[in-house]
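Colleague: Take these sequences, add in the hints, and give me the full structure.
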Amino acid sequence: MPLLNVKNLKMYFYTLRGWVKAVDNVSFSIEKGDSFGLAGESGCGKTSVALTTLRLLPSNGKVFDGKIIFENMDLLQLDDKTFDRKIRWKKISTVFQGAMNSLHPTMKIGDQITESILAHEDVSKEEAEERAKKLLDLVGIGASRFDRYPHELSGGMKQRTMIAMSLACNPDLVILDEPTTALDVIIAAQVINVIKELQKKLNLSMLLISHDLSLIAETCNKVAIMYAGKIVEYGDAVSIFKESLHPYTTKLINAFPSVLGRKTELSSIRGFPPDLLVPPSGCRFHPRCDYAMDICRKEEPPVIEANREHYVACWLVGGKK
Amino acid sequence: MVKRRGVSRPKGSLIMSLLIVVLGIFAFTIGILGYFLGGHLNEEWAAQIWIAFTTKGIIPFSWPSALIDMIVGLIYIVCGILIFKMKHMELASLMTLGIGLISVFTYGIGEWSAYVKETVYSGLGVAYLRVIIQGVIPMITGAAAISFEREEAKTVLGRRIRGFWLDFSHNRIGLVGAAIILVYIASAVLVPVLSLGTDPEATDLADERVPPEWMTIFDPSLNDLPRSTVYNLNFSLDMTSIPDFIKNSTGFNVTYGESSTILEMEGISFPDNEPICMVFKSDTFNYPYRPPRGGGFNIQFEVSVDPCLYYNLTRPGTNITRTMRSKRARYNFEVNFSNPLNTYSIWDAEWSTNKITYFSEGYNASGLLEPIDLAPAKDRLITLMVCSKQSYSAALSTDLYWAYRMGHVDAHGSVDAQALADDLFASKGNYSMTMYIFVAPYQNKPVYFKLQVKTAQVTVRGLLWGLMGTDHLGRDVWSRVVHGIKISLAIGLAAAVVSVVMGIMVGVVSGYLGGIVDEALMRLVDILLCLPALPILMVLVYMYGRNIWYIVILIAVFGWQGLSRVIRSQVLSLRESAFVECAIASGASRVYVMFRHLIPNVLPIVLANFVLSVPGAIMTEASLSFIGFGDPTTPTWGREFNIMWTEGGAFAHFCWWWIFPPGIAITVLCLAFVFLGHAVDEIVNPRLRRRR
Amino acid sequence: MTEKKLIEVYNLRKYFPIKLGFFKSLLTSEVPLVRAVDNISFTINEGEVFGLVGESGCGKTTTGRVLLQLIEPTAGKIFFKGVDLLKLSHAEMRKLRRKMQIIFQDPYESLNPRMSIYDIISEPLHLLKLVETEEEARKRVYEVMEAMDLTPPEEYMFRFPHELSGGQRQRVAVARAFIVRPEFIVADEPVSMLDASIRSEVVKLMQGLVQKFRLALLYITHDMALARYICDRIGVMYLGKFVEVGRTEDVTQHPLHPYTEALIAAVPVPDPTGRRTKVIVKGEVPNPINPPSGCRFHPRCRYSQEICRKEEPQLVEVEKGRFVACHFPLGK
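Protein chains in written order, with this note's numbering: chain H, 1 to 321; chain A, 1 to 692; chain S, 1 to 332.
Each statement offered as a hint is correct.
Residues on chain S that point at chain H, a partial pick, calculated with CB under 8 Å:
(1) Ser56
(2) Leu226
(3) Val269
None of these hints come from the bench; they were simulated from the model. Just so you know, even glycine gets a beta-carbon here, dropped at the ideal spot from N, CA and C.
Modeller: What follows is the structure in structure tokens.
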């Protein structure tokens, strides 16, 4: 039974110039204990998936179709009150991009974590503070820093505080959106370490969203690659990285330089990401693909299971009737 | 090392820039001339040049206009030089275009209105010369100079405008605001048409403080309230009243002219010494209304007599001829006014004598003087007068003696004007006037008598008037309100422009240069903020009298400090931007950075602020005029508020037709600017935040 | 092949004084300094890409700006083709500006949002008066836009920065720097704010320019993997000082300084099977106002010993072209 099962999700944004097809027929599933990486360029819709799951869409976003099944409930069908009470932060929590800037500047960090616990659970203040201190220990900041203010902490510490806050109510699933983007490389490594330790200790299920494939390779055991609002390939991390089937995935992986191993030629993908107002016909990647065929221009490739637990949407691989 | 020149100038721009500079010098010279002459008007030669030129519309009238001419001239000179040096061509040509447009607008409206009023300028063509020289030509030149800009700049300008319009057209509130402002501007331009040609300063168009005519829609009983009418009554001789011996005489002549009736008797011998009575009947007019308000009517007639014989007398033995005059008639006359119910005497034969008697006797101790009830003239003994040529005219409305005769003066000598009006215009129907002329021979000699009876006028001041009634002097409120539009717009825009320009200059310079310049400018701003504007205005008014320009200057001088602070803080953050550093890395000078990088990025905020400060300026002017510091000669809405306060339109009598129109007009105009500013603000801010 | 020296930097220092509070400034006469750049020396040859690697706050951005004279150095010498930059007058420096340009990190901030792309790219041409006619300027803008793969140029020329994506904007920034045909460009973390998948394109474009026009590049970054890809030589900075300098392959494959080792270990690798044991350094970069005594890295170094606390190691040349500042270099 997957923990989170997203089926045919369609979510568009309304702008003055029309509907932007941000999330177009996206399906994937996360099992318990998985760390699932959602990768793609900026603007491909990966953050929108997270926002839709947590009902944090801006007012011009509208879900047109699909189901998000979490623990036998379709999250999209729940009313707002139930969602707030039961799901948000208690079952699914999140750490957003640039989260360290979301800390209240005039409140102590310990108090902020306590506040989030008290907001969602009915416990006494002392108990909440105890739990907050334990969380701070868990992420490596230490209970001694309970009374510090955010400006006294470094960037990495602030990010770890946000991770602690997301774990406040022992959620089943944590969504992390670009957790290390604004951080220096060593600090980022420390944060990645914390994430990996938490995964092991708490058997945490994680949805990690990032444009950095190296980060995803380090932390995730399942990967999905999104392009222009659609999932083009997803499956086990090893098979995706070692035996990528979609041309985009291959080029994307080769666009990341490696500090170890042989120095190889970096690949680059010509052209620019498409405008989601009027996406390309057929396969959305075809204008930039070196192997585009006629059918790629006309028809959208279906998602097929190429190998065991390795799904891809590309006419090169198959799917022709 | 070869000295690099940069991009060379397109052909033709030299002519353009020269033209603009020349026009600028011209405007500047005229301004200086006007200013100088205006200050030396006591001197004969200055006054002569002044009159000669100002009536031709060449030299500005007042020192503020002269000042504006000087400023406009300077701006043209600067823009011309900038276009010549190929720096900031876009800005310079747009400024020339803009100022030219504003000049056409301002001068054009001024000239047209003046032409319509036929007051100031003697020749329309010459008056428009200035419009063309200072307005139209720079405007065209500025537009042409823009066309010299690079292709890319024009495309980019087009895209900027389209982008702005795309955002703006979705903002309904902004569109409403813009539409309202356009309506106001159109009204300002079409003022002579809109106000239906009525002079806003013409008094007594109707009675004071009367409501508008369309009130009859709501209350039909008001239909028979009198309307302003002038009845012209020509007198015609009733031939039956002329005895035969005169009728048959050759020396008897009656001529009916355009505006008078002339009766002549030349050498007619009367059978006896008895006077004859000739009756002149006037046209009948139909008066279908209720009686007017007390004092709201006027009866005017004019009679000229010449009872003399003229002959030439040559002094014997010389060639000197003199015209001699010899009295040959005795005369007198009376005038009656008839309404369907009654006939009243409005001029009796003893008028002057009786008047003197009344005034010398004054009020007697026992109370009211008895009114004089004169029997019809025919039945009375009339004393005939002997005199030379004489003319009598009377305009009666609340003449004290007449009121006394009609019995409407009380013991204290005050006239019950309403009773007088009620008596005279007691009923609807036909009215007329009758004149009785008595003529008798003088010393039994043949009668030489010439009589001219001018067209009489009965004026009734209406109790309903026009679209928005009248004020306390009987002036049309609608045309006053309409004439106020252009003044309010002009003041609001002028004050806002000055405050924005000052704010940008001070803010950018102080923000970018920093250090001691920054300190000095900010301290200046602090000082100006602490100065009390209203007492300064009061002192100015006390020392130099009231002038609309004092208010404009005051708003301009005290209105820019807030904006300069906001711009300064914006510049402080902008100057650290990467693109500024890149420009410096490519060798940009500080002035270049200020004009090319800082000011354009500050403009969006400035634009929103500008639009939002116009209503503030308009309201400030209205408030200052309301409390009495405005210019009594300039028709602004604030002055309306002041008048209605002091003259009892607002508190003593509730003249809603006088109170609400200017109030609504000013409110809607300010609201429109606020809507527009709100829309611009919304467009501007998201763009600053618009990141991927 | 003789390598001509383009840039020579000797003992460069840049200290920033800190503003104290009002009362504190009355009490003390000492003004605390942030020693952003503390005595660094290096050279860059023509056509060479020199990487300046380090974390935030190590002074690399300041170094880049000082080289271009956007900031005045506190001490030291900078030579450009043998000319002492610090002795030049303002006007003479302006003439040299044609040869040195800079690319900034933030694609959103480095382009004036009110100028069209055409104006932005052609601005240096007009400022430095390099063209005589408008047609010439247009031609050069077209050329450089095609070199940056912003084709067709007409489609981008009239747009405004907010209409372009981050990658496109950064290409515009490179185009602007390159249009004056400089000999030396300082690239201050040009791709760190872009998507990881777009970085390679921009980096490859810059590499193309370097190879084709023998451009020298000072590439400032904190990403060791990318530095390995583009740089010929690398200098690793920590708290304003160099800890290791050398050829890229040597430094990245055989680091000598523990900090370099930590940096390399911290970079994630795009290979799920390639995870190796992390050498994680504890703590964060200390406050640059009060750097640690002795070797500045010693509180975080896992090999630190007594002498590291007392004595500051000097930058020594252990092999030809290979420098390290450590009492106990790795592998020796």
